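A.B. asks: Okay, here's what each chain looks like letter by letter:
4 protein chains.
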Amino acid sequence: MDNINKLARFFLKFPGIGERQAKRFVYFLLNSDPKYTSELIDGIKELKNKVSQCPVCFRFFPKDNNEICDICSASSTDKSVLLVIEKDSDYESVRKSAVYAGNYFILGGLVPITDKSAEEKTRIKQLFERVKKEAGKGTLKEIILAFSLNPHGNHTDTYVRSFLSPLQEKFGLKISSLGRGLSTGTEIEYSDDDTLKNALKNRQ
Amino acid sequence: MDNINKLARFFLKFPGIGERQAKRFVYFLLNSDPKYTSELIDGIKELKNKVSQCPVCFRFFPKDNNEICDICSASSTDKSVLLVIEKDSDYESVRKSAVYAGNYFILGGLVPITDKSAEEKTRIKQLFERVKKEAGKGTLKEIILAFSLNPHGNHTDTYVRSFLSPLQEKFGLKISSLGRGLSTGTEIEYSDDDTLKNALKNRQ
Amino acid sequence: MDNINKLARFFLKFPGIGERQAKRFVYFLLNSDPKYTSELIDGIKELKNKVSQCPVCFRFFPKDNNEICDICSASSTDKSVLLVIEKDSDYESVRKSAVYAGNYFILGGLVPITDKSAEEKTRIKQLFERVKKEAGKGTLKEIILAFSLNPHGNHTDTYVRSFLSPLQEKFGLKISSLGRGLSTGTEIEYSDDDTLKNALKNRQ
Amino acid sequence: MDNINKLARFFLKFPGIGERQAKRFVYFLLNSDPKYTSELIDGIKELKNKVSQCPVCFRFFPKDNNEICDICSASSTDKSVLLVIEKDSDYESVRKSAVYAGNYFILGGLVPITDKSAEEKTRIKQLFERVKKEAGKGTLKEIILAFSLNPHGNHTDTYVRSFLSPLQEKFGLKISSLGRGLSTGTEIEYSDDDTLKNALKNRQ
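In the order they appear, the protein sequences are chains C, D, W and S. Here my numbering is used: the first residue of the first sequence is 1, the next is one more, and so on. Here my numbering is used: the first residue of the second sequence is 1001, the next is one more, and so on. Here my numbering is used: the first residue of the third sequence is 2001, the next is one more, and so on. Here my numbering is used: the first residue of the fourth sequence is 3001, the next is one more, and so on.
Mixed in with the good hints, there may be bad ones.
Claimed, not checked - Taking lysine-lysine and the DSS-like style, the derived pairs with C-alpha atoms no more than 25 angstroms apart in a straight line are:
#1 K3035(S) - K45(C)
#2 K3197(S) - K2087(W)
#3 K2096(W) - K3197(S)
#4 K23(C) - K3197(S)
#5 K2013(W) - K1045(D)
#6 K3050(S) - K23(C)
#7 K2125(W) - K2141(W)
#8 K2087(W) - K2133(W)
#9 K13(C) - K3048(S)
As the list claims (entries may be wrong) - Okay, the calculated bits of chain D under chain C, using three or more residues with CB under 8 angstroms as the criterion:
#10 1083 to 1093
#11 1100 to 1109
#12 1137 to 1147
#13 1178 to 1190
#14 1195 to 1204
Don't read these hints as lab results, they were simulated from the structure. All values derive from a computational prediction rather than experimental measurement. Glycine residues also receive a C-beta, built at the ideal position from the N, C-alpha and C atoms.
When you get a sec, could you build the whole thing from the sequences and use the hints?
C.D. replies: Next comes the structure, spelled out in structure tokens:
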């Protein structure tokens, strides 16, 4: 295979990229300034050297000689509450909304409905250990499960609740899930039954 | 104007219909069976004779010698709760979801944000009278406002709450709004700030 | 069935209308001015009285004591060319573009690929008779087939050409089809093979 | 700026990529296998070493010790015709359709309507020189302009025709543009006036 198609095959693995766009990326690089290309390569190279995965929340963060990320180490972080999310992009979204001041935990994936390998595909064990430790010290009081509202997300919610239930009982922890109801733009006329049901049940 | 264009102009007023589709409706009628057309005309004619607007909830319902609609007159309806909605199509949607067993009130429109004519454009006064009467008798305990989650819906929610506040205080009524949070299909990564904020606040 | 649902079932047969919109049409009529409704009924009633189907081109046209439509009877119409189209809406589109000054013939449908009943489902025989007569008189010189560029349209094109071929030979008629190539907005990068092939073949 | 955001800024320049997807690319790389990342870097590095821009047609091609690309050097290429296109992705599209066997020329951009700098932004001068040389030798007979059917493409078509007109006259060259008319999927009813006009004019 020639180098154009070879590189296109690598771009094809990027999230959301199809064959045509992968090829366009290659032509874009061929037409771009050598300075841009070499800085792009440096950026990719440095990424893994300068960015660490926090051993506490599993978020990626700029290293700067720190072992632990800025949120996990900040004294201003509300340590009584832990938001469990699927992935780093979800963290970005919550962070940007500026409505949450507690700790995070990145599960690293959703639990497939028909798959028994949840312990390998997610960080459910690491979550268990972290909750056990922080609840044991008396700092952690509530765990918020924040998964997308689709079958995989719902299954993961059920799975995590069940997995953590021994700790919930032992330490009297609260486990909550994100509220359900109308989201921005929802029209009553076009709402599905589940959304209406949740919106009615959770009225306030 | 010829009869094709004249009838197309009438269809143009149908909700969601543009010029091209209005014209297609006319050609559809021209090509259709005379039996279909005459039954369609009969259906439109009979509509206002055989369908009434309930003087209590303002829903349209099949008359059949009744003054009041089946929901307002049924003894099985939960009279302690009143769902205020914009229009009949919203009623259809809630009814189909089978999650609500109380009374309804069709406001007949949303309150425009910059418009002062809410009392003419909606049935806010009729709602006030109904609430006053039913709360006075001690049957009505809660009013649920169920408007679409957009600026007009939000404004209507605020407006109705304010309009009913004297009754709320006098009778100790509860006024609630549909719950807000994740709706079916919402992905955390692509959620807007408001939805995330509501979902976190309303976690459970 | 009650009258709301009964009328909705009639609207459901309108082209492009689903269950929800059919219901909205009924609520729209229930909420509309009685004058509007009665004029709508009159419009539908008068339609078949005041609109005729031209026995020459099969277009619908405002009657006004004329047997034949304005285009077929106008001396300004170019009688040497006949545009064969599927339906009245196609006529509207061509007429609006103001690029054609000849005669029309509305075939009344496309020929289904796997269906042998083309003579019943379309006006192919009437087209044959008309072409025979007008070519026999020496006025008609060219037939333009103008069907949508999809499998049904292509099949109809082939079928009509074959059906008219005895007349074509006998009278030395030209039978053409609409040109193929790039249409407004086509981007080379995203073109399908057929469009590129036609665009290259028909370059000028 | 931290390394995550820094690299995201580079991906933001990729064609068709917005902020959110740029960030997802970074997280994708952080989560990916080090082998994948290092092969990706190698692929980008090698790209400019192993891929050349053909000095005749300006296409990118795998070098392999050749100065000139495989199409420009192949004896099977029809040298009497030259297809002028905007960019490499257009070439991919035409090549895949397998309907053209002549030479190519990549103009490197479209001529902006209000911009006077066509000679800097496109390879119009190089095109002129090539046409002059090949038409002078008597090999080149026809130039086909193949630009997208939008205002920029149309303007470029006009501009290139005008720029090449001295050569056209001197050597009796044919300059054609891709045919216009119905493209795959076009429905008569929904066609714009220009497409109908071209389809009628170019009927055959």
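A.B. asks: Indicate, hint by hint, whether the structure satisfies it.
C.D. replies: Taking the hints in turn, this is what the structure says about them:
1. K3035(S) - K45(C): The hint holds at about 12 angstroms.
2. K3197(S) - K2087(W): 19 angstroms, holds
3. K2096(W) - K3197(S): This hinted pair holds, its Cα atoms lying about 11 angstroms apart.
4. K23(C) - K3197(S): 35 angstroms, violated
5. K2013(W) - K1045(D): 18 angstroms, holds
6. K3050(S) - K23(C): 16 angstroms, holds
7. K2125(W) - K2141(W): 19 angstroms, holds
8. K2087(W) - K2133(W): With Cα atoms ~22 angstroms apart, K2087(W) and K2133(W) stay inside 25 angstroms; holds.
9. K13(C) - K3048(S): 21 angstroms, holds
10. 1083 to 1093: holds (count 7)
11. 1100 to 1109: Per the Cβ count (1), the hint is violated.
12. 1137 to 1147: holds (count 3)
13. 1178 to 1190: holds (count 13)
14. 1195 to 1204: Satisfied; 10 residues make the cut.
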